[in-house]
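Asks: These are the residues of each chain, in order.
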Amino acid sequence: MSPFKVLVVDDERDFLESLVRRLQRRSVDAAGVTSGEAALEHLKVHKADVVVLDVKMPGMNGIEALRHIKQLYPEVEVILLTGHASVESGVEGLALEAFDYLIKPVKLDELIERIMEAFDRRKVVGDLAGSPPPKQG
Amino acid sequence: MNLVEHFRRLFAQGPQPPGTEEVERLRAEFAARYRCFRDLLSANQRALEALAELEQAQAGDYSPTMAFVRGRVTATAVNVFRMIQNLEALAPDRYPGLRESFKAVQASVEAALGSAPAPTEGPLVLPLERAASGGEALSGPKMAVLGRVAAELGLAVPPGLVITTRAYALVVKHNGLTEEIARLLQIADLERMDSLLATCSQIQGLFMRAEIPPELAQAVQEGLAALAPAGLEPLRLALRSSAQGEDAPGASFAGQFTSELNVEPSRWDEAYLGVIASLYSPPAVSYRRHMGLRDEDAAMAVGCLAMIPARAGGVAYTADPLDPGAPGVLISSCWGLPKAVVDGTWDCDQFRVSPGPPPRLADSQVAAKERRYVCDPVEGVLPTLVGPELRQEPSLSRSQALELARAALKLQEHFHGPQDVEWALDQGGKLYILQCRPLPSGRAEDQGALVSGAEEKLILRGGVTASPGAASGKVRWVQTGGDAVAFEEGEVLAVEQPLPRWAPLLGRAAALVGVKGGAAGHLASVAREFGVPALLGVGPGGRELAPGREVTVDAGGRAVYAGRLPLPGRPAMAKGLPDTPVRRALAQVIAQAAPLNLLDPEDPSFTPEACRTLHDLTRFCHQKAVEEMFSHAAQEHFPLNAARQLYYHAPMQWWIIDLDDGVRRPLSGKYVRPEDILCAPFHAFWEGLLEIPWQGPPPLDAKGMASVMFQATANPALATGVKSNLAERNYFLITKEFLNLQSRVGFHFSSLEAMVTPLAADNLVSFCFRGGAADPARRRARLAFLEEFLAGLGMAVSIKGDALLARAEELPAPECLAMVKALGYLIMHTRQLDMIMASPQRVEHYRAKIASDLASLGPPADV
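Protein chains in written order, with the working numbering: chain A, 1 to 137; chain B, 1 to 863.
Errors might be hidden in some of the hints.
Unchecked claim - Here are the simulated SDA-like cross-link-like pairs (lysine to any residue), alpha carbons at most 20 Å apart as the crow flies:
1. Lys107/A - Ile799/B
2. Lys56/A - Ser472/B
3. Lys173/B - Pro58/A
4. Lys107/A - Arg26/A
5. Lys104/A - Arg114/A
6. Lys104/A - Glu49/B
7. Lys800/B - Pro540/B
8. Lys107/A - Glu49/B
9. Lys103/B - Leu94/A
10. Lys107/A - Thr178/B
11. Lys5/A - Thr34/A
12. Lys457/B - Pro540/B
13. Lys104/A - Glu180/B
14. Lys47/A - Glu37/A
15. Lys56/A - Pro540/B
16. Lys104/A - Glu179/B
FYI, nobody ran anything at the bench for these hints, they're computed from the structure.
Computed from a predicted model, the values in this text were never measured in an experiment.
One chain only, chain B, in its complex shape (with noise of 0.2 Å):
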């Protein structure tokens, strides 16, 4: 029903007065409808808030996650939503369009947020030979290249399979995954180390628990029944993930996904889901975060491959990670299993063989190798120590070393460009193609000394650069995860071994210094993506960094040294990157999302079929919700308790309505009078914005002063543009302890709220403005001008966009009315803002002139 024409009949009848008791029910049914568009205005807000994080997500420089873009997706369509319903409460049946053009925006909001298809057609398990044929798609990209080596190269790869993505999505369907690592990804707080290390076990712990769909085990059995690896008896396996985007150029997952060596076949399943579970490793959710890779479209092949137990094994870089101009392939290399050289360790051997042709070995530095990794005889890798005639024997020959460099160069040319080969030779020597994979390359500008004249200072030199550049920090070790979890921004991260775990704190590392290990191991290839100065190998000499010591890290230099030096102006580095799958659909929401096509409300087009974005239904059901609520009101023969007009020396554009007992009975005539009003809060604004006098022009009549109020919040160029409108006065909602002020005009929104009673735990002041249209730099230096004396008055302030936010709760009443006063003051004096804006002189005059102001009010009066 509504109410307006409710009121209209009742009053129009007759001249008898209705009942106390219809007066008191039409009282208590406005008061309702009020509810609802307090709650609407509080949706309003929410919604606004929530598409202002989703901009600022977008405008920031880092990575947001899908559920965080999710999250807030939901935030706003669901708070549009309650407007909806809301304004429906007010004005049934009056817009029927809504909910048609709600159901398509969500839709189309919805289509942006959707995920890549997981592949639903297509084998479970192809033959390794034929792993190309499935496509990256199918079977990952380090398959479908390994695949690729073997077919077009005619280099030994050892014998397999590939489980692929489509077996992935399998096993999360069957095992109903979806939906609950959504949810435990969307509770967590990534940024803290201990919220990460928690989900993601709990994420794997769903992984290690799941069951293989039956097809699956049917299909992998019958795979490696028809492997028959000639001289690889008893076939053992080795399950190496294959990730989709593991290989993207400059998102290289390097060591964050698991692999399982030598696992007897019937065990399989197990280790194939420890595999697939290392897609959710807080090393690899941390990277997805900061590159803005899905979570969701995370998915993983693995590859099944027969275990080749090496007498030696390593890493070919087909160019110098640091200098990609320098020719040359760089091998590193050690005993057994080239798993050491991957975890970057141990000590290995280096040989630099140059391309030739034909191919020379121009370097190599043999290390003293004391320890490798050997196939367990029962399952699983163990370190072994190296006999002593071994140790300082080089792990490759000459010739082994040329034959390796020369498949490396081949792989290098097959697929156009740098190659990060990882290789094994069997007890016979035979030379194994293990992974291959697009080198990153670092940046040769980057290349040298950082620091120089500083050899007083210096604490050490040695090591690789594994990262170069330079960067200052505290140096804190991390040896254990309570470690990692007490890691600090900007601290210098300092390992003994720099094992791919520390991965996620390289983030917030100011640079990396490992006693251990060199360019080639995981953590360093992850180093360089995030730009993180990187020395390691500085042996023994680096133990004597002292815990909490200010040190300056030189990678290039590969020198450490006391204290903050000044360094070389360097760009910021580049912690996400622009164009992310995170980003795209971030921009793609935005765009459905954020867009204002609704803009003058005495548009005829202004309808809830015009409304194309989340953005638009919010404007529409903010202005049909103030019309709903209060455009009638100045309709005569509107009952007591309604909207009066308030007259102060003559009437003003303010209508004041009470909602119970805010204003002294009984009252006649249209218009009410400050005197008359009972409400604290009320006196305690308006004694604000009288006190001291307005000096600027207009002049200060009273007609003028409404329009000065009027005004206060107002872009005066989007307000020529805006017819004036019954909508655009401003209302005082009342009772005698609560006060409701909202002033809009065209698209600028303040709103204060006060609750003031004896008992502080009640009490609260709210201040909320909101303006749209100005450019953004002068936005937001007019919100941080009222945020300043706001903080100043004792109110929590946030800016979310383009919303200034102000709150202060449970604060005794002789304080909330203070700072309603001094609101009310604000609100009075600070309307040209956007015009002194542009010059700092005045800025800084006006400043001063508020702050001394702010500091002479007087207490407000007692009503």
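Extracted from the complex, chain A is given alone in its bound form (with noise of 0.2 Å):
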């Protein structure tokens, strides 16, 4: 398994149970849950490294969320992933702090590099607050 968690945030069932399905596959630690607000209650008892988060879906949204998450556990990397394409919501995610903003239908593999660049940065960041440096390679 991968040494990082991602938890995959879609109110589309069909899609996520998939998605996750797929990451678990490739070996990728992976959850999901339906909404914004299960996804923070996710963060509560879970840990998680890198969140992938839909836009768009009922209740709370992918931006608000990911604000959330930014507020209570800024340093998770969160990916934003959209079926509905908007450089509006695209820009407003990236000025959250959004790691990464991707437009469906996106490859696993691309997913996963970006995946596990996020983690790479959340490792970079976390270690210029104060733990030991990088070992690179």
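Since each chain sits alone in its own frame, please combine them into the complex, following the hints.
Replies: This is the structure in structure tokens:
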């Protein structure tokens, strides 16, 4: 299993389940929930290094969820994943310190790559905050 | 904080060396800056890739979807924003104008993407006789025209009303459908039949479950109450689509939209939702995609007309669609509702009326009409058997045919061109015009047989030329949705009945053969529009066509032959229109996103404020990031672990930045020698660079080699125009296991990145080459030349626009190092690619030499 934990948040259950399954098959330690509210509940109990977050969801939308997550858990990296491409929400998300904004459909390889990069950044930022320097390679 | 300033302050103060802790902190900080830089580079790559995809779509001969355009534009803009963020992290407050420029560019791109505003004013419902006053924008073309038929020509049309496009917009808004539809289309792969079907059914479900806004319900109920159609009691309704763009020249949406027939007035709402849902039927969505119409612009008015319980009905063409020059009105007619003719379901009577004056019945072919559609006593329509006494009888009398022909000619004159007229006779023999639209014309020059002298290969002859031309392919019978999913590009589509639901397959079909049907059906007109040869109504003999058998369909010659016969050259079929709404939007978006106005970084106008396009912004951010990251690196007093100049016989224009453990310590002085470097990929690269000497000029002294390597990716024509710049040095960023080489000159940028560890799963070699300013042909030739060798090395290569990306992952360390070594060789030895591309002989010579050199490279030495 991967050294990092991923939480996928998407209200489309089919998409969510298949993505989580595919990530797990690729040895990514992944879990899924279907709403922003559930994501916050999940993070209270479970650790996550990277959250993959759908932008458009009923109830708390992805941007709001991002705002909460970054407030409560600044070290968690968030990748926004959207089926409704809009520059505005992308820019808003990045301004709120989302790691990236990806547009569906996204290739699994690319998503995993971005998750790993996000985890990497988290590591570096965490190191800068006081822990020992990174061991490269 | 500016790191370089920080270093300078730190080290300018005095001789005492920084403590280990301080050095470690600085190194970590440098590594963080390096992350920002890499992130910026990767965003740069993503932005340019997305931009290249847009440009490819513009150059391509297919019509992209609006969702594709929107997706790629968003990817470009969002990545540009990432670049801005990262540049700001590298140099806080240094470029305050960037965000303003980005906002302005973003606004203009959004404007270019913007859809035509849906009507926000005007009535929700119009009486049919006033439909024309609402114009096509409100009534849709079909109902606007029908309103004029009654008002201006005095021909009978069914009494009724129009539920306008504004009502459609209201329903969509009331139910919040716009975003949901855009989202579903965005994530779908519409090229795949199964994905298309699933997406359409989801979207249609949204409509079917939608709520009718109360003000619309009230307006329709009032309108229906005011209808008092004499002789048509009890009132039943026919709900007919009247969609924007439906009747645009060359864009007939024939058969893609649903009509709801014989509807109980109190249940209009359900039927209405069913009709507007058909805006997202698979044929309609795929048709829009082929024709480049924007889904956002799709809006539908719906005619809500009194149902005519027809004794006979059909279609009249005021010209032969296959031979527009031949005068006369072609009438297809059947018993009962015209649906059977419109759907092309069953055989029907054919009449030809010569225009005269006076018009004369020139020809009549009476078919055996076993079935007809009639109104169900409760609701809907159903097929029934025709009584034996009527089967062989003509469904139109001579005088009725003439009356119809005269009406059709009147319509042709009034609307200035050949018309396709749907009509019905009520039980009393009164003629109603149900629909009237311009007749798409076939191409006369394609008339006639294209195959001759192949009688021994003839499989069948007969049928009706529904769309001229000839083509070969394997036979695929399609009866079910499952068959449709299995349908492959270039096959011959064989069907029992040419139903409109097979229209999405025509974009990929070589030809169409139907056992039933004729030239007047919906599928026939779509086939004509797509330029797919179609032979319909071939009769039971058609069923003998064996699945998978290779045949040649000569639709013009009304024959099918065994095997693939030679056909006279035909111009490539135009499957998309050159100028479509999506294409126009694409062109506008590209105009706002793609041009590069910032050329010379030395020019005083190279500022954030001068950035007018997304491409400008990427160029600016990239340039400044490189400067911020490295330009002061050569300054003295730079600490350990920062940039050191590479010394190989002499100081070279290459700098080494050790990110962690890539260099032997302790080091003194400002140079680093190859033997001090511990980075395995660096050594592999270096060996590749040097192992086989470069034979051409300039001679290879140390300084010369630096310039060789420097120029390896340069276009001399451009490089001369750009002053040497600190930012144009070449940098190796290294650790023990990692190598990142950035080399940029003028418009050319290449990067090599390698991560080589004992664990294959972590390993990566990636190479990116981008060269912007040569002419496209040479650019392509150069990329293709490189691609061949890179693929030969076992790398996955993709070319997007002017960028070549090669990648290999998860290979064992020795293979990765051999790959890096080969890349070192290639960078050195393909430096004059541009020049040799002009001469095929020299290309051959170099290709052979490079291939043999690559084969002779030894394995990389152990470090």
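Asks: Which earlier hints turn out false for this structure, listed by number in ascending order?
Replies: 2, 7, 10 and 15
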